[in-house]
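Protein sequence lines correspond, in order, to chains Z, C, E, A, H and D.
Be aware that the first sequence starts at 244, since it is given in this note's numbering, and climbs by one per residue.
Be aware that the second sequence starts at 244, since it is given in this note's numbering, and climbs by one per residue.
Be aware that the third sequence starts at 244, since it is given in this note's numbering, and climbs by one per residue.
Be aware that the fourth sequence starts at 244, since it is given in this note's numbering, and climbs by one per residue.
Be aware that the fifth sequence starts at 244, since it is given in this note's numbering, and climbs by one per residue.
Be aware that the sixth sequence starts at 244, since it is given in this note's numbering, and climbs by one per residue.
Each hint should be verified, as a subset may be incorrect.
For identical chains, the list gives no copy identity; a pair is met inside one copy or between any two copies.
In the BS3-like style, the derived pairs of lysine-lysine whose C-alpha atoms are separated by at most 27 angstroms in a straight line are [to be verified]:
(1) Lys468 - Lys358
(2) Lys307 - Lys417
(3) Lys360 - Lys518
(4) Lys417 - Lys473
(5) Lys275 - Lys473
(6) Lys509 - Lys382
Source of the hints: derived by calculation from the structure; they are not laboratory data.
Number of protein chains: 6
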Amino acid sequence: MGISEKLLFYLKEDIAGGDITCDAVIPKTEIKAHIIAKQDGIIAGLAEAEALFLHFGVEAEQKKRDSDRVRTGDILVELSGDAAAILLIERTALNIIGRMSGIATKTNRLSTIVKSKNPAANVAGTRKTSPGFREFDKKAIVLGGGDPHRYSLSDGFLIKDNHLALCPLKEAVKKAASYTAYKKIEVEAESVSDALAAAESGADIIMLDNMPPEKIAAAIEALEKSDLRKNIIIEVSGMITEENILSYVLPGVDRISIGALTHSVKNFDVSLDVKPALKTVRINI
Amino acid sequence: MGISEKLLFYLKEDIAGGDITCDAVIPKTEIKAHIIAKQDGIIAGLAEAEALFLHFGVEAEQKKRDSDRVRTGDILVELSGDAAAILLIERTALNIIGRMSGIATKTNRLSTIVKSKNPAANVAGTRKTSPGFREFDKKAIVLGGGDPHRYSLSDGFLIKDNHLALCPLKEAVKKAASYTAYKKIEVEAESVSDALAAAESGADIIMLDNMPPEKIAAAIEALEKSDLRKNIIIEVSGMITEENILSYVLPGVDRISIGALTHSVKNFDVSLDVKPALKTVRINI
Amino acid sequence: MGISEKLLFYLKEDIAGGDITCDAVIPKTEIKAHIIAKQDGIIAGLAEAEALFLHFGVEAEQKKRDSDRVRTGDILVELSGDAAAILLIERTALNIIGRMSGIATKTNRLSTIVKSKNPAANVAGTRKTSPGFREFDKKAIVLGGGDPHRYSLSDGFLIKDNHLALCPLKEAVKKAASYTAYKKIEVEAESVSDALAAAESGADIIMLDNMPPEKIAAAIEALEKSDLRKNIIIEVSGMITEENILSYVLPGVDRISIGALTHSVKNFDVSLDVKPALKTVRINI
Amino acid sequence: MGISEKLLFYLKEDIAGGDITCDAVIPKTEIKAHIIAKQDGIIAGLAEAEALFLHFGVEAEQKKRDSDRVRTGDILVELSGDAAAILLIERTALNIIGRMSGIATKTNRLSTIVKSKNPAANVAGTRKTSPGFREFDKKAIVLGGGDPHRYSLSDGFLIKDNHLALCPLKEAVKKAASYTAYKKIEVEAESVSDALAAAESGADIIMLDNMPPEKIAAAIEALEKSDLRKNIIIEVSGMITEENILSYVLPGVDRISIGALTHSVKNFDVSLDVKPALKTVRINI
Amino acid sequence: MGISEKLLFYLKEDIAGGDITCDAVIPKTEIKAHIIAKQDGIIAGLAEAEALFLHFGVEAEQKKRDSDRVRTGDILVELSGDAAAILLIERTALNIIGRMSGIATKTNRLSTIVKSKNPAANVAGTRKTSPGFREFDKKAIVLGGGDPHRYSLSDGFLIKDNHLALCPLKEAVKKAASYTAYKKIEVEAESVSDALAAAESGADIIMLDNMPPEKIAAAIEALEKSDLRKNIIIEVSGMITEENILSYVLPGVDRISIGALTHSVKNFDVSLDVKPALKTVRINI
Amino acid sequence: MGISEKLLFYLKEDIAGGDITCDAVIPKTEIKAHIIAKQDGIIAGLAEAEALFLHFGVEAEQKKRDSDRVRTGDILVELSGDAAAILLIERTALNIIGRMSGIATKTNRLSTIVKSKNPAANVAGTRKTSPGFREFDKKAIVLGGGDPHRYSLSDGFLIKDNHLALCPLKEAVKKAASYTAYKKIEVEAESVSDALAAAESGADIIMLDNMPPEKIAAAIEALEKSDLRKNIIIEVSGMITEENILSYVLPGVDRISIGALTHSVKNFDVSLDVKPALKTVRINI
């Protein structure tokens, strides 16, 4: 499914057999309405909301742009068009903006913390996204200033503990390298020796998973001593929260990936307010 | 899309161009694996996970059932089948279980609080679900002991402020009643007089929206005095949190709907652990 | 499938591997053509025909509107556009207009009879529609002045004899009521006592099925005596024909549903006449 | 769409958001049920009904076969399976059997009349079928003993008045012949001279359209005199009813096509009767 | 799938998860580009390429038309539009033009040879096309001046050796004739007596398959003697190459069908050249 | 589309409105049939053919396996099942085997030549595949012993002349590197200095395009002198034919990519032979 097919699929969930309230109650009339921020944060999902409204002939003028920092009360989008069309789309559009802005705002807050200590380090997402909404969860991370990480299993190799239970590390990296020349190889390491072995095998990226900060520091030190550090990207993952993240921003850490960016989202509060009708037109469908 | 098409759509997001790590690294072999709870709570999504595994020929024996209360370390599902198939589905299955169990657990916790004070009152969801996942968000509420509320705009009438800005209350209820004889009419009221007007117009359900507890109590009292209370369902909504919910469990309140049940989910922690391979079979596709 | 997808699906049935006659025989030329009524009645399906022609770039000016009463010889639509496009769509458009107008005309005739005796009573359809064409069969009933009744099994509860063979009446109504607060409950009754039991159980609508007029009168009388009549809609169904319908228009009957409105349709006669070509343009595809 | 996709599409029309009555009311139980003829006639649609029931795991034993002559009270199909599945499919299955048997019965009655006078002549259908149901309308004609005629515009050439308004007869036949060597060419003629011209042009089939019987006889005589008769199929069409059909069964007429076979169907009466439940099983989905 | 759905399906094969090179590297800019012939021949596929470019908002002016004879260096299409859109489509468009022009060029070369000896004889294709591309393989044959032959198994009857192994010739032709009046019957013959038997059975087309030229001549002579020749189309097939085709152009041969036209295609060489950017526009998606 | 959807799509092209010859002529009977090689070579497409036959209930026992070397007369697959099903699939299956085996055979022949001089060098494909069939064209290359190269634009970066016309080399490589950490970067070079610049910019793979062998040797030498050679894959492309390929197998060349592997395929000759029927079963659909 392309982007517009996905957006229409989300809308269809909400419409199902039709918006009976609008069909029964709302006169054929042109109205104006606003989408308004009800909290501060980084906004996202406006492009998707606009696409939905345009699809149904509603004009949507963005007063803010995705990734903008907005404040409570800011008008995000000015809508103008058929009343029933606007109300039909309302909930779906707000759900999209609410979730995406929630992700962007949290990503941005964590990224700001991380970069205050190491400007070169990035906050990254994971594949722990809401089923059916990955493309937009990932986009929200990017809008919040984060690294989206792998969009899918085909983006790059990531050899994890479950793979290593079935295939020894060296063999796994070798097989991956000979599988395609085009994609990089990431290996999950849970100990200093794992990390060294991964580097020796030819891994392009090493994920230090579920390690406490001091062990991470030790692994990085060992890699640098061994002269295998160069050209390797170091990722840290597991047990990282908003509270403890600063302690993971160690020298040599390239990125910090956090599942909660997308698996435990706090909705961003937005609403849609209808302005009184301008004129009533003849019903004629 | 039917249920299985949705589940495959979620899987496809994750697979995209193929699971290159498994394709390159994992030998053709039969394995066993467990899905394990990493926290306490109400479990949900096991039926969906099982359907995905079965679709790819993996046997999935449920050791717990959806809506069961589980504890850290409990084995939820025992899997047995082709290693690559199990790992292909792992992330999608865990994302589904994680989100649905998060919703079920929170719903159950709030419902227990509410019913401790009024066993007849219910916690209910809203249409503020994750785009593309509504069917399962709603199911998770039911599994957690909540009322799913409207699945879509076609389930029943809900006349809200934005509708009332375009059509007077009495006319709106009358139009809805004449639109179809089969569906009930809910009206959003933001004041005691609104509530009375809605009841007089013939509303079947009244949603007292964004009112403080004392105003809610006043509205219910007014309704009962006016002899319009009978046959009307009273719903309370807006500004309700885990902390303040008890104060909304007033006499006469039939249900309390809470957007955060699905719009601000905390993921339930689960993992999939592969057991060592049993036997290696001939590669033969 | 949305409306336009359904219309294209109908067209595709007729086109299959292509309109070989037009492809081989018809020059690339702009023509005018008329769709003409060949009998008197209530017209329906013009909006659907117009949508099909517009989809292929043919201008379609409606000279009559759906639900208009038309007479033999009336021009219904003036077409103007590519000759092959017009002829490609001809049969599908005429089939749609012919069936829908046949339904609208019959509905209107029966409705006029019914309302001559009781202006508040309605003629209603059933779910006995032509497979694949329900949406339009129902729309034709509405255009003819009838009540479409349930569009599908999800519109409202209808507890019939086959359900009651598996679940006692009281329990059935109670289960339905607790299933959702949004949808009304209709119960089929085949005797006076059934009707009373249904009313006592809390049914919102009672369908008096396959009862002779005198038994219907008795049931209504019993309901009114019992003080359960109020708020209940009374529907009459079964064995009703154009000849005997007047005898069913009894005091207290709210609607009369008739399967033959859609399961035994007499086609409304329409044709499409091509006007001589205006100009020949260069073939250039 | 293949056959099963179409059948499921018809079912989906009826299910839409789910069979709420069964979901709420019907216990998880295995039942037996019968589909029973409520009138005499030629039965059709049993294979389609069986396919739908089988798709949902319901056993369906056909006691009669499509094209069998059945009598009021005959058991057509014995069903055995999950109660909710049987009731879910009931209406769709009955609608299919009702329409197809109505067509088969009428076709058979007309065919019997025609063959009583000329056993070599056939009753044929047209493309005037119910939108979305053509494949089954055509099959019902065949089951009733008729000729289905063209399934679609790509089956063969049929050069009608609207084509001839845009391209002279000789040129039209020549263009068709050179378009493909595989498909025969039918030409519509409204006069004796048209018929002769069509034969001279090389038409394989001549449709004598809207001609009274004596003119048809004259056209056939002229064709036979002119020595162009051989190898040409003669079809008669237009203004033919059950009452006047015998007068069209003239010597030399190969087939008589009648739009009303499918555009004005009288439903065949069938019902589904549930037998009392056999056993109740644990609800466990 | 319609034509545009097929073209987008081809494009999707190439895009898969996105054109990452363009996404990363190419600035938002309007460019001009040319599609240029790198060899002489008959061009085909320009209409399809144009449709793809237009779909993405790229203007495509055809400087040559499908079926034109072109020379090395000729500009075929001038493109103007978004750089990333043009490069996204480049490979798919060139693949389509390359294959279709290869087929058209070969068909034209063989057709010229055949018609030099017998202007009434045609070169024809077979169903040996590239899977998924038949519609365009066939169109390329037509553009090259050939006869496309059957597009599919439903176009006409072709009774081959494998059918005759299961049903005797006479019976087979009779069954086909009674199956539908609209489609002609072709029979494959591998000997003179087969050919006579086919003609006697009523075949409309006889395919003399895998016969050497002298045997073909004998078969045609026998048919003409037997007075069954008239109205029969004679097709020759099997073992025919560019080198020996002239020897098959015998008197009485109507068409010569050659699988290699589409199963062994030599690509026609074309390229797309980007002109330097005209202006850079603001990135604003 | 998944693999089976694609295979059914190919079949549908051939079936279209149905296999009328089989429907009319072939009795309901179980038969055996063989797919037989009519030339020597590397076989491919048997798995796909088997999948199609199995889908229609035909048993298909592979006597040879994909990538096996086969000889004229070898039985490839033994089929056993319904006669009409086997004949329905015949042409599609043979088209798939014929094209895939043609590609595998050519790839194998070229690969053998290349490896005779440098066993570490590989023959590789390109994206110049038949539209709609890429997945299988690529698989055939692998079965023939070649490197499939990029399956699509999303597999890796390939910065070509048309990209470099719009973005300078250094900037392009830098942008690609920062776009994702997971995919390698290939750069097309048409001169020695281009190759050096690409290596300095950080390219992972350098494609020496349209260079004569001596210039290729010079470029490799320059790279090795400059100490940038290590970790870079060198690919050679353009103007390479079966005749001149040996001269491109130079020291340091890692792979040689050839468009003609898939854009100019010579079909591999296979046929399907029906064995006489075993038994005739009752027709009963």
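Q. For Lys509 vs Lys382, is the C-alpha pair at or below 27 angstroms within one copy, between two copies, both, or neither?
A. both (17 angstroms within a copy, 20 angstroms between copies)
Q | Identical-chain pair category, Lys275 with Lys473, by Cα at 27 angstroms | A | neither (57 angstroms within a copy, 38 angstroms between copies)
Q: Indicate which option fits the pair Lys360, Lys518 if close means a Cα-Cα distance not exceeding 27 angstroms: within, between, both or neither.
A: Classified as neither; 46 angstroms inside a copy, 41 angstroms across copies.
(Q) Cα distance capped at 27 angstroms. Does Lys417 pair with Lys473 within a copy, between copies, both, or neither? (A) both (19 angstroms within a copy, 17 angstroms between copies)
**Q.** Lys468 and Lys358: within-copy, between-copy, both or neither at 27 angstroms Cα
**A.** within (26 angstroms within a copy, 40 angstroms between copies)
Q | Status of Lys417 relative to Lys307 across identical chains (alpha carbons, at most 27 angstroms) | A | This pair counts as neither: shortest intra-copy Cα distance 49 angstroms, inter-copy 30 angstroms.
Hint violations for this structure: numbers 2, 3 and 5, all remaining hints satisfied.
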